[in-house]
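S.K.: Letter by letter, the chains look like this.
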Amino acid sequence: MMRAGYTILAFAMLAAWAGAQSPPRASLSAAEQLRLHRANRVLLADLVDRGIDLGGATHPVDRAEACRKTARTLGVALVQAADSNDADRVAELGGHLETVIRDGLVPSLDDARRNIHPASPDAARLKAVRESAANDLGDATANKLADQPRLQSVLAKLLDLKEKLK
Amino acid sequence: MSLVPEPLDPPSSEDEAEWIRAAQAGDRAAFARLVERYWDRLYRWLYQLTRDRHSAEDLTQETFLKALAALSSFRPGSNFRAWVYKIGHNNFVNQKRAERRTKVSLPDDLPGQDGAEAEGQAENREALDAVNRAVAELPPDFRAALMLRVNEELSFRDVARILKTTEETARWRVFKARQKLLQTLSPELLPPGAAE
Amino acid sequence: MNCGTFQNRVLSLPDPRELPGPLGEHASGCAACSAWWKTAAKLEGLLAALPTPAAPAGKKELLLDELAGPLIRPMSGVARPGLASRLWAIPAVRTFSGLAAAVMLAVCGWMMIRPGPNGSTAEAKPSRDPFLDCIVQRDLALAQARTADERLTVLGSLADDLSTEARSLSKIANPDELRDLSGMFQKVVNEGLVEQARRLPEHSLTRSQKHELWKTLSEKLRDAGRQADEAAKESPPHAQPALKTISETARDGQTKLKAILGVQS
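Residue numbers (my numbering), protein chains in the order written: chain A, 226 to 391; chain B, 1413 to 1608; chain C, 95 to 359.
Isolated chain A, as found in the complex (with noise of 0.2 Å):
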């Protein structure tokens, strides 16, 4: 489950200024693929289920809900990552937990509460999705990676993507 969400965005910051730094890409080796498809087969899966409900979402809060689990698969797994203390996965899946929010739930919300009558029941449940995803992300606060002056700007940025979802 999700960690307390100081610890979420503590890593997603880390992991955005990680991979500020990361070496050009290189050509992958056999052995280095098999390497990356074994340490990110359970999470692959995952995102291939939620593509499929992606697809398969054609109301605008469904499609919401489907951003949100698709948001919160990859937080787990950086969560798991930063439990094992592995940097250079943190700052991938940090990366990508950015994109997908601010890329994919932040505007399916919006296109949500754009196209759903404040009164009406999908009203009710997009609500309640919203509230899902600021609680899946969480507070940044008493994080010691938070004083680090390089990732002030990252952590901003994913506040800010949290005030989006209130």
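One thing to keep in mind: the hints can contain errors.
Computed list of lysine-lysine pairs in DSSO-like fashion (alpha-carbon distance at most 30 Å, straight line) [claimed, not checked]:
id : chain 1 : residue 1 : chain 2 : residue 2
1  : B       : 1592      : C       : 136
2  : C       : 338       : C       : 352
3  : B       : 1508      : C       : 154
4  : A       : 389       : A       : 294
5  : C       : 350       : C       : 309
6  : C       : 154       : B       : 1576
7  : B       : 1478      : C       : 153
8  : A       : 294       : A       : 352
9  : B       : 1508      : B       : 1576
10 : B       : 1592      : C       : 132
11 : C       : 327       : C       : 350
12 : B       : 1576      : B       : 1478
13 : C       : 136       : B       : 1588
14 : C       : 327       : B       : 1478
15 : C       : 350       : C       : 338
16 : B       : 1588      : C       : 132
17 : C       : 327       : C       : 338
18 : C       : 153       : B       : 1576
19 : C       : 304       : C       : 350
20 : C       : 352       : C       : 327
21 : B       : 1478      : B       : 1508
22 : C       : 327       : C       : 309
23 : C       : 352       : C       : 304
24 : B       : 1478      : C       : 154
25 : B       : 1576      : B       : 1588
26 : B       : 1588      : B       : 1508
27 : C       : 304       : C       : 338
28 : B       : 1592      : B       : 1576
29 : A       : 352       : A       : 389
30 : B       : 1592      : B       : 1508
31 : B       : 1508      : C       : 153
32 : C       : 309       : C       : 352
33 : C       : 309       : C       : 338
Label-pair distances were calculated between CB atoms; the ranges are [stated by the list, open to error]:
id : chain 1 : residue 1 : chain 2 : residue 2 : range
34 : C       : 159       : B       : 1569      : 30 to 38 Å
35 : C       : 98        : B       : 1551      : 19 to 27 Å
36 : C       : 125       : B       : 1595      : 18 to 26 Å
37 : B       : 1595      : C       : 116       : 22 to 30 Å
38 : A       : 267       : B       : 1434      : 18 to 26 Å
39 : B       : 1581      : C       : 125       : 30 to 38 Å
40 : B       : 1441      : C       : 114       : 41 to 49 Å
Treat the hints as calculated values from the structure; they're not laboratory data. A quick note: this is a predicted structure, and the numbers were derived from the prediction, not measured. For glycine and all other residues, C-beta sits at the position ideal for the given N, C-alpha and C.
Since the structure of chain A is already known, use the hints to place chains B and C on it.
M.R.: Using the frame of chain A, we list chains B and C on its own:
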């Protein structure tokens, strides 16, 4: 070739037991640890059998490859070392039928010693050289049993299991090997002033 | 005990250097046997000290290197074909460790793997997973798609990505991993493509749009099936079931989509 071992002495360490378990589960790094542990010793023994370092090295590699292939048949809790050596001996026997044994004398490039030790080292080296030549003259079965006993300090029971014979025969082969060497080497083993 | 018995017993000991009680007593009392015993003990020491010449070809390091790294299926120009062939031929090794071949992965078209700055193909340091990147992008595309045919097109691309990954790994991944990939492909085709095509509202697409959609999806599925068949010819036996699943699912999906979308031959 049946590689199902009978229960032998327990493994030498908990680490090794864990490596074996991991290797059987597919962990190649664990199998690599086993190779690290036993390669040199197996090579040494196979060298004594073949008297040829190329053959010994080939056989050692062959042995570990076959051990890897048959790893699932190894019974946890039994003696892994003896199991590997048994594979090695089987490989040697198979190879012996096709290859002519080449005797190799002691290499000339043994590490040098300083002046004070060189003299003693030279005498010892002469004795070693003599022993080496005499060991090379032993029948392979005697040599195999003797060197398993001397270098690996295996029990006669384990020696027997590796060589697929009885404990009594293993003990007899070691006895005959020593007897023959002593008959051949007594003068060399007692250089002037070196023995009491 | 007489001297003959003493000497025979000493030679039968596990280690002649260590005399048990009765034998020790005899040696203490017999100068000739004592001298003989010292010779026998010296011999034992020299036997244990016999040096072994160094192995000439570094095969230990070779084997350890192979065990530490990927197993390279022998191809022309690849180093160490002999050992690699032997290791590849071991079923246990193939099952649990896979074989690595010099196969480049092309995923998602716009995520081609490019050579590094020096053009080297040396094994990369821990890096982002391009396939993971691809799947995340497909999910995003699905989230952003606004029409049914857009979603179906992206699902078709997702299926294509999965079949490409399965083919790419068919020589090196283990059966479970390949089964997972073929299972994902099946899901995307059956629960994604076919199911969503069934749920298309009656008049949501014109006949022409349906035809175009069918053409796009059919091409992807046909290519996936054909390429899986070809990959199966070069892949180890344990990869066959997964590749066959992909091939059959692709053909079956084509047939169903054709019927659902009402496309005439």
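S.K.: Each of the hints needs a verdict: does it hold here or not?
M.R.: Taking the hints in turn, this is what the structure says about them:
1. B:1592 to C:136: holds (15 Å)
2. C:338 to C:352: holds (21 Å)
3. B:1508 to C:154: holds (22 Å)
4. A:389 to A:294: holds (17 Å)
5. C:350 to C:309: The given pair, whose Cα atoms are some 13 Å apart, holds under the 30 Å limit.
6. C:154 to B:1576: holds (27 Å)
7. B:1478 to C:153: Distance of about 15 Å is within 30 Å: holds.
8. A:294 to A:352: holds (15 Å)
9. B:1508 to B:1576: With a Cα-Cα distance of about 16 Å, the restraint between residue 1508 of chain B and residue 1576 of chain B holds, given a limit of 30 Å.
10. B:1592 to C:132: holds (16 Å)
11. C:327 to C:350: holds (27 Å)
12. B:1576 to B:1478: holds (18 Å)
13. C:136 to B:1588: holds (17 Å)
14. C:327 to B:1478: holds (28 Å)
15. C:350 to C:338: At roughly 18 Å apart (the allowed maximum being 30 Å), residue 338 of chain C and residue 350 of chain C satisfy the hint.
16. B:1588 to C:132: holds (18 Å)
17. C:327 to C:338: holds (11 Å)
18. C:153 to B:1576: Holds. Residue 153 of chain C to residue 1576 of chain B sits at ~28 Å (cutoff 30 Å).
19. C:304 to C:350: holds (14 Å)
20. C:352 to C:327: With Cα atoms ~28 Å apart, residue 352 of chain C and residue 327 of chain C stay inside 30 Å; holds.
21. B:1478 to B:1508: holds (18 Å)
22. C:327 to C:309: OK: residue 327 of chain C and residue 309 of chain C at ~27 Å, within 30 Å.
23. C:352 to C:304: holds (10 Å)
24. B:1478 to C:154: holds (14 Å)
25. B:1576 to B:1588: Cα-Cα ~18 Å, so holds.
26. B:1588 to B:1508: holds (22 Å)
27. C:304 to C:338: holds (28 Å)
28. B:1592 to B:1576: holds (23 Å)
29. A:352 to A:389: holds (13 Å)
30. B:1592 to B:1508: holds (22 Å)
31. B:1508 to C:153: Holds: residue 1508 of chain B and residue 153 of chain C sit about 20 Å apart, inside 30 Å.
32. C:309 to C:352: holds (9 Å)
33. C:309 to C:338: holds (23 Å)
34. C:159 to B:1569: 30 to 38 Å: Since residue 159 of chain C and residue 1569 of chain B have Cβ atoms about 36 Å apart, the given range 30 to 38 Å holds.
35. C:98 to B:1551: 19 to 27 Å: holds (23 Å)
36. C:125 to B:1595: 18 to 26 Å: Between residue 125 of chain C and residue 1595 of chain B, where Cβ atoms are some 20 Å apart, the hint holds.
37. B:1595 to C:116: 22 to 30 Å: Check passed, 25 Å falls within 22 to 30 Å.
38. A:267 to B:1434: 18 to 26 Å: holds (22 Å)
39. B:1581 to C:125: 30 to 38 Å: holds (34 Å)
40. B:1441 to C:114: 41 to 49 Å: holds (44 Å)
Hint compliance for this structure: every hint is met.
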